[in-house]
Amino acid sequence: MKRTYKHALVIGASSGIGEELAVQLARDGAHVAIVARRAEELERVARRIREAGGTVFAHAHDVRSYESVDPLFDRIVDELGGLDCAVYAAGVMPRVVEGEYDFAKDRAMLEVNLVGCVAWMNRAALHCEAQRAGTLIGVSSIAGERGRRGAPVYCTSKAGMTAYLEALRNRCSRYGVNVVTAKPGFIDTPMTQGMSGLFWLISAAEAARRILKLANGRGRSGFVPWRWSLVAFVLKRIPSFLFRRSNI
Amino acid sequence: MPSELRRAPRRVVAGFGLAMRSYSHYLEPRSTEELARIFGRAAEEGLHIALRGTGNSYGDAAIAHRELVVDTAGMNRVLSFDREQGVIDIEPGVTIRDLWTQVLPHGFWPAVVPGTMKPTLAGVAAMNVHGKNNYKVGPIGDHVLDFDLLTPAGQTLRCSRTENRELFHAAISGFGMLGAFTRMKLRLKHVESGFLRVETIRTRDLAESFAIFEERCPEPDYLVGWLDGVVGGRSAGRGVLHAASYLPASEDPLGAARSLQIEAQELPSRILGVPKSLLWMGMRPFLNNLGVRCINAAKYQASRLHRNGHRYLQSHVGFAFLLDYVPEWRRAYGLGGLIQYQPFVPRAEAPRVFGELIALARKRGMPPYLLVLKRHRPDDFLLTHAVDGYSLAMDLRVTAANREALWKLGHDMSEIVLAAGGRFYFAKDALLAPHHVRRAWGDERWNAFLALKRTHDPRGVLRTDLARRLLGEELWGS
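Which chain is which? The protein sequence lines are X and Z, in order.
Under our numbering, think of the first position of the first sequence as 1, with each following residue one higher.
Under our numbering, think of the first position of the second sequence as 249, with each following residue one higher.
Since the hints were derived computationally from the structure, they do not count as laboratory data.
For every residue, glycine included, the Cβ atom is placed at its ideal position computed from N, Cα and C.
Heads up, some of the hints might be wrong.
Partial selection, computed: residues in chain Z whose CB lies under 10 Å from chain X [to be verified]:
| hint | residue |
| --- | --- |
| 1 | ALA262 |
| 2 | LEU266 |
| 3 | TYR271 |
Generate the whole structure from the sequences, applying the supplied hints.
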């Protein structure tokens, strides 16, 4: 059964999967609040939603300013008149080259991908548990399944996010809250631009469509699109002594 | 710091029935000084406070959505206990459980206890709680000798029947609106044995249930009726009544020295072989109109296994704390939780009014799953619920689908109760509207209460969701 939402919040909505999720939620009738760091990009997405006849509230906010999450969340809930869906789609993946151990980059990934997710989703979970309803969607990644040499801390942040979302699901499902973990494979977004060796690439709009479909179930965790679960199945079973010699 | 309290951690906080829910900042002060500082800061930051103990009020009396909940259950030292006189001086975070375990081995029992031992004395006093012996000994307020009240204005006032009399009679029954109890002295009841002699009386309908109360009161020390709220027709209001009286030491089969020990009082850890902590899950499939009908019928028929007037001995704990037999029983009501509705109606009108209420709830398809009938007497606390009459506690299931209809039912029931001169009880309330309270207590009492509120809490710091609902318009324009 297709779930519909009245009041949705999308964090990380200025591009990629987050943008498309916001657009599709608005198209399905939800009043949408969009949050992202880059104000101009955010305004572009807001215009896109308005032009399609949707209702949108945009808030420029860096997910690393954790102190402002609480008041901003309250403001958004008041503005929307409630909240029944929150999406965390903010994520960064700066390139890390062979031999580079850059703490600043690594820290940014942990702060945006993982700590920001905990800050926002905790706040949304508090709201949803109290109202005994709501859907929380986290856009994690297949990258969280293994610690790969090419993206060490990105994998770490997504593994953390996947574990956190699972814990949140175990915590909140008894209160009627639907926590969804979406683990995309390769998606055609600004994040993957210029990367080599991509395959099975789908558009961000297609990914968003599949993520909302995933959220129609109860407490699902899944790969986007589904065929990436075959890759994950194999990936997880490669023994460590082989994995460390490979270039995956 | 400009917004120290606003940075305090938040958590989901619900009323006991889990139907009234909120999230708020949450603090657990350990001392009066800390509490006073929180009062001061909250006023500066424009944050409102709900005082909370162990969270046993059914509705929204101890929650404040998006504001600040101050949990004082940690302030729970016993300050002194006079074993000769049976007088105990406590910090009011002490619970009924703490209290009876402390005093029973010395031959005392709290004079008034509710159906659960979990509440704190601060909560019990703020709500002026009654027991199954209200007609005989009054509410808990009648057994409080004095207390210290920390007001949001920052004063600590000693209150008793001779000192700050008005505040004494208003803070007890004042649902935490006038200040926080920081010390309290109580007089305890002397008991000779750890047992009560209990008699069960089966009744065929509501009229007979009332007839037994009229016939027996005030002779037994306790009298309470369980009624079937689901069955209709001629059997409506049938039930099982329990009358109990303190046992003289000479009749105690264990001997008072043993029966007064805590070990003789513990509730069973398993019921029918099932660990208590899991029992609520087994109840869950039955908490619907059909399931309760079956359970109630079985319970009623089971009472036929004994002849009417069957007598037995039961521990104080076993008789008093029925709600503690099945831990977390409220969760069996499912996600929507439950509310309790407990009107108090003058004696002459009670049989008619309660009959109408049960019939109305049944007609609307929301029969009460539990009904408890008790006898009351008036007392001199400002917003007391007690009248010379009866109360009927009704447990009503809340679901996402019935919520609106249930609130409408509550409103209609309140109109019937008010027309008969009835009152309500803040510890149980979820449904009342502002115009109901003025009618229930009358302008004189209500205005006196509002005047005290303005004096002792001029900035309206103490503001629970219940207060916002009932006082909001008059005091704060919202």
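Comparing the hints with the structure gives:
{"no.": "1", "hint": "ALA262", "verdict": "holds, 8 Å"}
{"no.": "2", "hint": "LEU266", "verdict": "holds, 9 Å"}
{"no.": "3", "hint": "TYR271", "verdict": "holds, 5 Å"}
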